[in-house]
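There are 2 protein chains.
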Amino acid sequence: MTSASIPASAASRSPEEARALFRSGTSGPTAGWAAGHTQANLISVPADWAYDMLLFCQRNPKACPVLDVTDVGSWTTPLAPDADLRTDLPRYRVWENGELTDEPTDVVDRWRDDLVSFLIGCSFTFEWALSDAGVPLRHVEQGRNVSMYVTERPCRPAGRLHGPMVVSMRHVPPEHLSAAIEETALLPAVHGGPVHCGDPAGLGIDDLARPDFGDPVAAEPGDIPVFWACGVTPQAAVMASRPPFAITHAPGRMFVTDARDEQYRVA
Amino acid sequence: MTSASIPASAASRSPEEARALFRSGTSGPTAGWAAGHTQANLISVPADWAYDMLLFCQRNPKACPVLDVTDVGSWTTPLAPDADLRTDLPRYRVWENGELTDEPTDVVDRWRDDLVSFLIGCSFTFEWALSDAGVPLRHVEQGRNVSMYVTERPCRPAGRLHGPMVVSMRHVPPEHLSAAIEETALLPAVHGGPVHCGDPAGLGIDDLARPDFGDPVAAEPGDIPVFWACGVTPQAAVMASRPPFAITHAPGRMFVTDARDEQYRVA
Chain A
491 MTSASIPASA
501 ASRSPEEARA
511 LFRSGTSGPT
521 AGWAAGHTQA
531 NLISVPADWA
541 YDMLLFCQRN
551 PKACPVLDVT
561 DVGSWTTPLA
571 PDADLRTDLP
581 RYRVWENGEL
591 TDEPTDVVDR
601 WRDDLVSFLI
611 GCSFTFEWAL
621 SDAGVPLRHV
631 EQGRNVSMYV
641 TERPCRPAGR
651 LHGPMVVSMR
661 HVPPEHLSAA
671 IEETALLPAV
681 HGGPVHCGDP
691 AGLGIDDLAR
701 PDFGDPVAAE
711 PGDIPVFWAC
721 GVTPQAAVMA
731 SRPPFAITHA
741 PGRMFVTDAR
751 DEQYRVA
Chain B
491 MTSASIPASA
501 ASRSPEEARA
511 LFRSGTSGPT
521 AGWAAGHTQA
531 NLISVPADWA
541 YDMLLFCQRN
551 PKACPVLDVT
561 DVGSWTTPLA
571 PDADLRTDLP
581 RYRVWENGEL
591 TDEPTDVVDR
601 WRDDLVSFLI
611 GCSFTFEWAL
621 SDAGVPLRHV
631 EQGRNVSMYV
641 TERPCRPAGR
651 LHGPMVVSMR
661 HVPPEHLSAA
671 IEETALLPAV
681 HGGPVHCGDP
691 AGLGIDDLAR
701 PDFGDPVAAE
711 PGDIPVFWAC
721 GVTPQAAVMA
731 SRPPFAITHA
741 PGRMFVTDAR
751 DEQYRVA
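Protein sequence lines correspond, in order, to chains A and B.
So in our numbering the end of the first sequence lands on 757, straight run, no missing numbers.
So in our numbering the end of the second sequence lands on 757, straight run, no missing numbers.
Here chain A stands alone, though its shape is the one from the complex (with noise of 0.2 Å):
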């Protein structure tokens, strides 16, 4: 899936404009949309997995930092109380026993009412604390989606659910490089501090110009690939362990909140 520009508008939309967006078929990544509002992963999983998630999610809390849970068969959040999270996000993914099946708008045919929610931090909020300490967002002056990663670093396994770690990457200037460390690790519920910064190869990533979800990105001269923890995680703990069914997000394509950033800021 190639991704469609961020309309120059988006920034300046309320996170309940970008909901009724995308819930009338509006489905490009969400990053740049709705500023200074908390973005948020989606995993979706039968109660018979919500365990097994929940503490995957403990034991990996760089990648899978959780923000609510929802009751058993619940759609709604306390984060966005008017939100129906079968049908708010841009674009979701379908995956039966570990293989992706569907990409859809909506899941509201596909509910189950033994399914539970988990909404995980997502590094497109820090993006805002970024730009205001002026670091530059190359993925966002391109029209880009973030360029994402499978990386050989294992998550720390949870009953079933095992699967490596998965990262976003930013090229960052040097002179750039501290604000851009500092101001993320005072955000550790959206992923905190980067996880490896320079030689992709400390990953085991291969080529930066292959991601293995969203876009390329282009580096300006000198730029430094800087990879933070992302909650696209449970989706590849989704391949690696199967499950029976699961809901994610489609990556990118992120749930809005009504939280503010600010909340989640450590000091």
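Hints are computed from structural coordinates only; laboratory data are not their basis.
A couple of the hints might just be wrong.
Stated by the list, open to error - Far from chain B by the CB rule (all over 10 Å, computed), these chain A residues:
| hint | residue |
| --- | --- |
| 1 | Ser502 |
| 2 | Glu506 |
| 3 | Thr516 |
| 4 | Arg549 |
| 5 | Glu586 |
| 6 | Asp599 |
| 7 | Leu627 |
| 8 | Gly692 |
| 9 | Ala699 |
| 10 | Ala708 |
Stated by the list, open to error - Stretch by stretch, here's where chain B covers chain A in the computed footprint (C-beta under 8 Å, at least three residues):
| hint | region |
| --- | --- |
| 11 | 634-640 |
| 12 | 665-678 |
On a predicted model such as this, the values are computed, not experimentally measured, just so you know.
Heads up, the beta-carbon is just placed ideally off N, CA and C, and yes, glycines get one too.
We have chain A; now place chain B onto it with these hints.
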């Protein structure tokens, strides 16, 4: 239970030495022991209750920041690989249907194969940061356990678990208040910044001299009472929610881990 004074040598003990002493019967509070090493609250529940407990922790992260969750039946943790969770705390509490039925110094005879153990961050951990920042610790100066109170603030329920937030209180001179808040805010894994400063009535606490757990601690003139969410909160949830069985630490008698406080500092 009144507290023995903290031995002068406690701070310089290694975590292994501290656990060996507790294993052989030393049963006092652990504030001031094993300088710079992370301490943890313990709550062990039957596997049937583990999801509710993990979700309760996720929904109440100030009170219940999870440091580790064991596999079912296991009494070991990566936080201290050579430790035995059944013997290495100074004192335990055994709960049946929400009633406290015993306070033994080990729980080898009470262990069950279906127990899942949660290790939850403890504010004793951040006392080293407070001390390094020049903040006086009245309870340590007075050789007493920290004062803890059941508040009138409800936790967010999770499944069958509900109950009030418990807090620990430290008297802080006003000139040290800023440092106390800043230092602890950077340690969200061990309760983070305070939940309340000043008038105890704001938390529904009638009389600071009559704590619900721990010892009364005398204030110096001008001191302000500062309240942090406390890892005894799961015990209040056990009392309110009455699971058939649980084992916890006794308030103030923590599990001393091999982990260093520094590894939980956000920035």
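Hints, one by one, checked against the model:
1. Chain B leaves serine 502(A) outside its interface by the beta-carbon criterion, the shortest separation being 31 Å against a cut-off of 10 Å.
2. Residue-level check passed: glutamate 506(A) sits 24 Å from the nearest beta carbon of chain B, beyond 10 Å.
3. Taking the minimum C-beta to C-beta distance to chain B, about 31 Å, the non-interface status of threonine 516(A) holds against the 10 Å cut.
4. The non-interface label for arginine 549(A) is inconsistent with chain B: the shortest C-beta to C-beta separation is roughly 7 Å, within 10 Å.
5. No Cβ of chain B approaches the Cβ of glutamate 586(A) within 10 Å, the least distance being about 24 Å, so the stated non-interface status holds.
6. With a least beta-carbon separation of about 28 Å from chain B, aspartate 599(A) lies farther than 10 Å from that chain, consistent with its non-interface assignment.
7. With a minimum CB-CB distance of about 21 Å to chain B, leucine 627(A) clears the 10 Å threshold, and the non-interface call stands.
8. Against the 10 Å criterion, glycine 692(A) stays outside the reach of chain B, whose nearest CB is about 21 Å from its own CB.
9. No beta-carbon of chain B is positioned within 10 Å of the beta-carbon of alanine 699(A); the least distance is around 33 Å.
10. Distance to chain B confirms alanine 708(A) as a non-interface residue, since its nearest Cβ pair spans about 31 Å, more than 10 Å.
11. Closer than 8 Å: that is the beta-carbon criterion, and the region 634-640 of chain A has 0 residues meeting it against chain B, so the requirement of 3 is violated.
12. Here the region 665-678 of chain A counts 4 residues with a CB under 8 Å from a CB of chain B, which clears the bar of 3, and the coverage holds.
In summary, the structure is inconsistent with hints 4, 11 from the numbered list given earlier, while agreeing with the others.
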